[in-house]
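**Student:** Protein sequences appear in the order of chains B and S.
Quick note, this note's numbering runs 50 ahead of the 1-based positions in the first sequence.
Quick note, this note's numbering runs 22 ahead of the 1-based positions in the second sequence.
These are computed hints drawn from the structure, not numbers from a lab.
Cβ atoms here follow ideal geometry from the backbone N, Cα and C, with glycine treated the same way.
Each hint should be verified, as a subset may be incorrect.
Below, a list of computed lysine to aspartate or glutamate pairs in the DMTMM-like style, where the Cα atoms sit at most 25 Å apart [what the hints assert, rightly or not]:
hint : chain 1 : residue 1 : chain 2 : residue 2
1    : S       : K159      : S       : E144
2    : B       : K428      : B       : D134
3    : B       : K500      : S       : D89
4    : B       : K393      : S       : D133
5    : B       : K500      : S       : D133
Computed, partial: chain B to chain S, Cβ under 7 Å [as the list claims (entries may be wrong)]:
hint : residue
6    : A382
7    : G459
8    : F460
9    : P463
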Amino acid sequence: MRQWWQQGSPWVWLSASALLLCLGLFMALLGLIAVKGMQHFWPAPLVQFQLSEQGKPQLGRLVRQISDRSEAATNRLWLLDRGDGLSKENAESPASSGRYLLLEAQQLLPERPSNAVLVQLHDGRTLYGTMLDAAEVWQSQEQAETGLWLELASQRPVLLPAEDIRAYWLPNQLSLWQRGVVFCQEWRHFLTAAPSQNQSAGGIFPAIFGTLVMVLLMAVLVTPFGILAAIYLHEYAPKNWLTQLIRTSVYNLAGIPSVVMGIFGLAFFVYVLGGSLDRLFYADQLPAPTFGTPGLFWAALTLALLTLPVVIVATEEGLSRLPQAQRLGSFALGATQAETIWKVVVPQAAPAMLTGLILAIARAAGEVAPLMLVGVVKSAPQLPVDMQFPFIHLERKFMHLGYHLYDVGFQSPDAEVAMSLVYAIGLVLLTLILLLNLSAFLLRQRLRRKYRLID
Amino acid sequence: MQTAMPTTMQTKVAIRDFSLWFQHQQVLDSIELTIPPNQVTALIGPSGCGKSSLLRAMNRMNELMIDCRNQGQVLLDGQNIYQPETDVARLRCRVGMVFQKPNPFPKSVYDNVAFGLRLQGERSRRRLDEQVESALKQVGLWSEVKSRLHQNALTLSTGQQQRLVIARAIALQPEVLLLDEPASALDPISTLKVEELIYELKATYTVVIVTHNMQQAARVSDYTAFLNQGRLVEWAATHTIFTQPASQQTEDYITGRFG
């Protein structure tokens with residue numbers, strides 16, 4: 051025991067368990083988000099319920115169990131989603147209207163009808179009903195329209211025109227394979243479609259696109275500035291207290307709360323810079339602002355400012371790791387300082403610069419708070435990049451995954467039941483950041499191999 | 023200072039009353055030294071005696087270090103290189119330098135040798151090829167690397183790397199070549215090759231070498247200068263220094279009694 055202690059084994063175990071804890075938490079986070087996010091699109095069976103003893107059975111989807119604590123006992127209730135009605139006005143009574151219901155266990159019926167159908171309409175509404183055999187209905191109705199006969203809760207059968215229907219399936223009779231197909235189709239729709247009116251339905255393509263464009267623009271803005279600043283700071287600036295002060299200040303800039311950066315972005319970039327641009331170039335459109343209002347460019351610029359210290363610190367780190375002998379070797383061959391920096395120093399410090407860029411992207415893609423002030427909106431009518439001249443519309447407002455997540459999960463009226471959607475958006479955001487990082491990482495590995503230094 | 027030199031000898035580099043300070047510490051004190059052309063001059067002395075600083079003074083590399091201050095003159099072909107109007111980059115092309123540890127750039131063998139030539143604005147592929155080949159041949163590396171000219175230079179052995187950086191320096195056809203302990207990081211066989219190389223190089227270049235190794239100084243050099251604590255103690259033909267040193271300090275150092 052004494053020997054075990056003296057050989058330093060406790061430190062090995064201590065550090066290993068710390069690492070294990072970190073890994074465990076990280077895996078738990080990824081696992082939770084992946085599982086919950088995937089669940090959102092897995093076609094769950096539909097159940098039947100009765101609101102009262104003599105009421106007609108209706109169809110719905112169980113969301114989750116909720117425990118309702120009263121003073122006497124804890125009641126377990128089911129939160130149930132019964133879908134959107136055909137139109138907003140057809141609610142017969144206030145008690146039974148609304149999409150979500152709380153049910154007691156005895157109100158649920160055990161059988162799951164096999165002809166229960168889930169219909170997704172193009173406008174984002176979801177309907178749960180009973181599919182009727184078309185031939186049966188045709189005997190009573192004369193016209194032969196194409197579409198789906200559906201019996202919604204306590205209503206006459208209705209014909210849904212085919213052009214309104216985006217997709218439908220019979221959740222209670224799908225095989226595992228068919229469920230998988232539906233799952234993939236719904237994911238594809240989620241990733242490629244625009245959100246419908248009520249945000250919690252439809253896809254998130256504009257948000258993915260907005261995030262991507264904003265992050266790439268941010269990277270384009272921050273990389274040259276950060277690298278040039280770091281080069282000056284490390285290669286040119288005299289090594290005195292002033293340089294050290296500037297360096298310390300830059301390092302501390304990384305600690306400024308992002309929302310403060312957002313305020314600065316709004317006050318300086320949007321109002322001062324944007325306002326001046328408007329007065330100079332878009333005077334004919336005033337008072338309607340063009341650049342003097344939050345938009346994509348200002349958001350990217352604010353994030354660039356936010357991530358600038360990260361790039362500077364990482365680049366300087368790389369520059370100081372480069373052996374002095376490399377610089378001296380270049381000088382001894384008659385290179386000027388500029389030639390030494392561009393031909394010897396920068397190529398070898400490039401991997402470190404990319405590391406800075408990776409960190410900057412990781413930080414920027416996850417930021418939401420400053421963006422709410424400088425350009426992100428709940429729903430943007432147009433994408434920031436399209437086929438209209440000048441193709442990239444820097445002044446437009448845009449959607450962002452992080453903000454969309456916040457909006458769906460905490461701002462929408464259905465927030466209580468949108469949690470699985472929140473996980474799905476979170477999963478997409480996480481995947482996007484991972485992909486961005488991975489591409490920068492691969493680029494860095496390539497450069498590392500090219501400029502491998504043997505110690 | 024005791025010198026036993028013919029006064030009529032030719033001069034390539036003349037160091038006149040040269041003193042050097044790093045921050046507030048004096049490193050060199052009134053050095054007077056003459057480097058004859060097409061000869062090998064060795065600078066010897068204990069660690070910290072200022073011999074490397076003296077070497078770097080000849081191509082103004084000291085000013086890249088920390089803040090340094092100097093006094094006196096270093097004349098290259100009669101021109102003071104510390105004149106304000108000196109083109110330092112041009113000076114360093116004329117006075118090449120090789121460091122203690124081989125420091126090839128992580129580029130290909132070819133690009134390493136061509137680095138200085140390209141800086142001079144040489145763009146012709148044919149002339150680059152010729153000069154790279156001739157530089158590599160001069161250092162005896164051509165036959166070893168001609169099949170892998172476009173491989174990373176860091177894949178070469180340490181000895182080959184050191185000869186490569188010598189080739190890199192002489193590709194510029196400098197007039198003076200400064201070698202700062204060029205063999206101290208090498209194994210005996212590589213050391214031997216570098217020493218043979220130095221011996222051959224003096225036909226074309228003026229060579230100044232800093233070394234810790236007395237035998238090496240005795241083997242490769244024609245003149246030897248012994249420095250101690252920033253002062254030049256003795257400077258004479260190598261044969262004289264090693265057989266009948268004028269100063270007691272020199273004798274003690276050479277025979278290993280101090281340093």
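**Student:** Give a verdict on every hint.
**Tutor:** Status of each hint after checking the structure:
1. S:K159 to S:E144: holds, 20 Å
2. B:K428 to B:D134: holds, 22 Å
3. B:K500 to S:D89: Judged against 25 Å, a Cα distance of about 34 Å means the pair is violated.
4. B:K393 to S:D133: holds, 11 Å
5. B:K500 to S:D133: holds, 13 Å
6. A382: holds, 4 Å
7. G459: violated, 49 Å
8. F460: F460 (chain B) check fails; min Cβ-Cβ to chain S is 51 Å, beyond 7 Å.
9. P463: It is violated, given that the least Cβ distance between P463 (chain B) and chain S is near 60 Å, above 7 Å.
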